[in-house]
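Asker: Each chain, letter by letter, is given below.
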Amino acid sequence: MAGLLYRDLVLNKKNLLIMALGEIAISFLMVAPILFDGVTSETEIITSLLSVFVFIMLFLTLGVMTASIFEADESKKWAYFITSTPLTDVSQIKEKYLFTLLLYIALFVWCYFFAVISAVMGGSANVLIAFLMMCIMIAANAIEFPFLVRFGSKAGSHIKTAVMLLAMIIAFEYIFFGDLSIFGSPDKIFEFFEKFSDTSLMSDITLTVLAVFPYFSAGLYFLSYKLSCKLYLKGAEEYER
Amino acid sequence: MNDKKLAVKRILLFVLFSYGLYWIFAGLCDLFGILQDEAGFQFVTFIAMFTPAIGSLLTRLVTKEGMANSMLRLNLKGNGKYFLLAIAFPIIYTAIEDVLNAIILGAKFDPNAVFEAVGVSAAGYTAAIFFNIAISIALFPVFLGEELGWRGYLFPKLKTVMNRPAAYIVCGIIWGVWHTPAIIDGLNFGKDYMGYPYMGVLLMCLFCTGTGIIFAWLTEKTNSVYPAAFAHAVNNNATGLILALSETNDESRVLQFFLVGTAAIFIVAAACIAESAVSEKRTAVSQKQAAD
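Which chain is which? The protein sequence lines are A and B, in order. For the first sequence, the tail end lands on 241 under the numbering used here, and the numbers increase by one without skipping. For the second sequence, the tail end lands on 292 under the numbering used here, and the numbers increase by one without skipping.
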């Protein structure tokens, strides 16, 4: 397993390096107001709001990259070569899922660290959003990966685009017909996100949904892994199309 | 150099690196005024938690030991129950602590009053506990930084130069004393208590011996440091809400509450030791039967 993890690290080193540099650059947006304007009375509010958007961007960026982890195995020769190794195909899939999960956990720890840095500099950051984003992205990957394994990354990315379009349609529906009162003023937006930084401000239902969601995404990820194991190499003929 | 002498040399080097890196870093941060508020304390603690792992890596490098027996393998197969126990143990001993606080120290134990004060129902409070556990698990790499050093390197080395009970105690003392800069800054006890900071360091050594036994048991059972890292993460991040169920915010009795908490940990640690003894006896009997 360690060897497979190392192989993926080497195969994806360019992507990982570019992504890491990008993630570091995006993270600095969070403390930019402190770097340029110093600590003011509004620093805490501004950095807290910025942290929400920065954390969402960080996880979305990583989410785009995770599909490429599967691309490396997508030549027919390579796909069949894998089955000739002493490791079972289940190990190959397990490694992909583990590698992706480790990337998300590493990013979450980075977010936590940067939240501490922001606090030292006089700002504030909403780590809860980072955690929720991690769970959302894990759940999204849990849905995406079996498609990648069965149909290859091209078809998989088409399916992903379709799902994202559907989500955007739902979002637009909400914008046109839903309750937008929470976006009425900057104060209300801040109030909305403040509830996500302090569990004591949340209602029972919100707390319950929040508590169940991480375990739900973990369960979904595990089920997705089991499904991918069954689907692995069944679509190998379609990889090069 | 024989094996024992080499192990002692490695232990000393590891302690030197782990202590040196943390204490010098904490000293520098104090010098530059970073340690003046809660955020600075968190920053130093975050970095400090990686120093035992760095210490073990440096020791391996200097003594040309290599990365053998680093316990970095997950070994999840067949060990699922120990991973679950790693998450459950801190919850169990904190619940015992609540009960002991009420029985021994007469602390008020009224969960409904706590739920009312926080403004959530029992279900909401339970959900918050589970949510904190989930976040703690996600933060396990930070605690892996400590566990790679204490359980992954120090404890196995101590076992080669002394018997197991002595190794538990020495490991607990080394781990406890390592916390000295944090205790001076008010970790767990604040700064206003009898015998500050020496009493704090002493109690921390006791606490670390207790939790060290549990974490070492988890590590030995799975031959992996991950369960210990999970247990450590849950212990540090997710037990606060359970402890808050009994009223322990009387600062004048902080040492007493901590001592009772440590007693609760030792109850779980005793169960781990008993299980180890029974399973070792079983293994010895089955080996003897196989030999016969």
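Accuracy of the hints is not assured; some may be wrong.
Unchecked claim - Derived pair list, reagent style DSS-like, types lysine-lysine, alpha-carbon separation capped at 30 Å:
hint, chain 1, residue 1, chain 2, residue 2
1, B, K77, B, K191
2, B, K81, A, K13
3, A, K94, B, K281
4, B, K77, B, K5
5, B, K281, B, K4
6, B, K9, B, K64
7, B, K81, A, K94
8, A, K160, A, K226
9, B, K81, A, K226
10, B, K4, B, K159
11, B, K77, A, K230
12, A, K160, A, K94
13, A, K226, B, K77
14, A, K230, B, K159
15, B, K159, B, K77
16, A, K13, A, K160
17, B, K77, A, K94
18, B, K9, A, K226
What the hints assert, rightly or not - Covered, in the sense of this in silico footprint (three residues per stretch, anywhere, with C-beta under 8 Å from a C-beta of chain A), are these stretches of chain B:
hint, stretch
19, 101-111
20, 174-182
21, 211-217
Stated by the list, open to error - Examples of chain B residues lying across from chain A (beta carbon under 8 Å, computed):
hint, residue
22, F32
23, A128
24, V142
25, G145
26, F266
Note that these hints are calculated values from the structure, not bench results. Quantities reported herein were computed from a predicted structural model and do not represent experimental measurements. For glycine and all other residues, C-beta sits at the position ideal for the given N, C-alpha and C.
Asker: Now look at each hint and say whether the structure bears it out.
Answerer: Structure-based check of all given hints:
1. B:K77 x B:K191: Status violated; Cα separation ~45 Å.
2. B:K81 x A:K13: violated, 35 Å
3. A:K94 x B:K281: Answer violated: K94 (chain A) to K281 (chain B) is near 36 Å, above 30 Å.
4. B:K77 x B:K5: violated, 36 Å
5. B:K281 x B:K4: Holds, because 26 Å separates the two Cα atoms, which is no more than 30 Å.
6. B:K9 x B:K64: holds, 12 Å
7. B:K81 x A:K94: holds, 20 Å
8. A:K160 x A:K226: holds, 20 Å
9. B:K81 x A:K226: OK: K81 (chain B) and K226 (chain A) at ~20 Å, within 30 Å.
10. B:K4 x B:K159: This hinted pair holds, its Cα atoms lying about 10 Å apart.
11. B:K77 x A:K230: Status holds; Cα separation ~19 Å.
12. A:K160 x A:K94: Between K160 (chain A) and K94 (chain A) the Cα gap is close to 21 Å, so the pair holds against 30 Å.
13. A:K226 x B:K77: holds, 15 Å
14. A:K230 x B:K159: violated, 45 Å
15. B:K159 x B:K77: Roughly 26 Å separates the two Cα atoms, so the pair holds.
16. A:K13 x A:K160: holds, 24 Å
17. B:K77 x A:K94: Answer holds: K77 (chain B) to K94 (chain A) is near 13 Å, not above 30 Å.
18. B:K9 x A:K226: violated, 47 Å
19. 101-111: That given contact is violated, which follows from only 0 residues of the stretch 101-111 of chain B lying within Cβ reach (below 8 Å) of chain A.
20. 174-182: violated (count 0)
21. 211-217: Check failed, 0 qualifying residues.
22. F32: violated, 11 Å
23. A128: Because about 5 Å separates A128 (chain B) from the closest Cβ in chain A, which is inside the 8 Å limit, the hint holds.
24. V142: Holds, because the Cβ-Cβ distance from V142 (chain B) to chain A comes to roughly 6 Å (cut-off 8 Å).
25. G145: For G145 (chain B), the interface hint is violated, since the closest Cβ of chain A sits about 10 Å away, which is over 8 Å.
26. F266: violated, 30 Å
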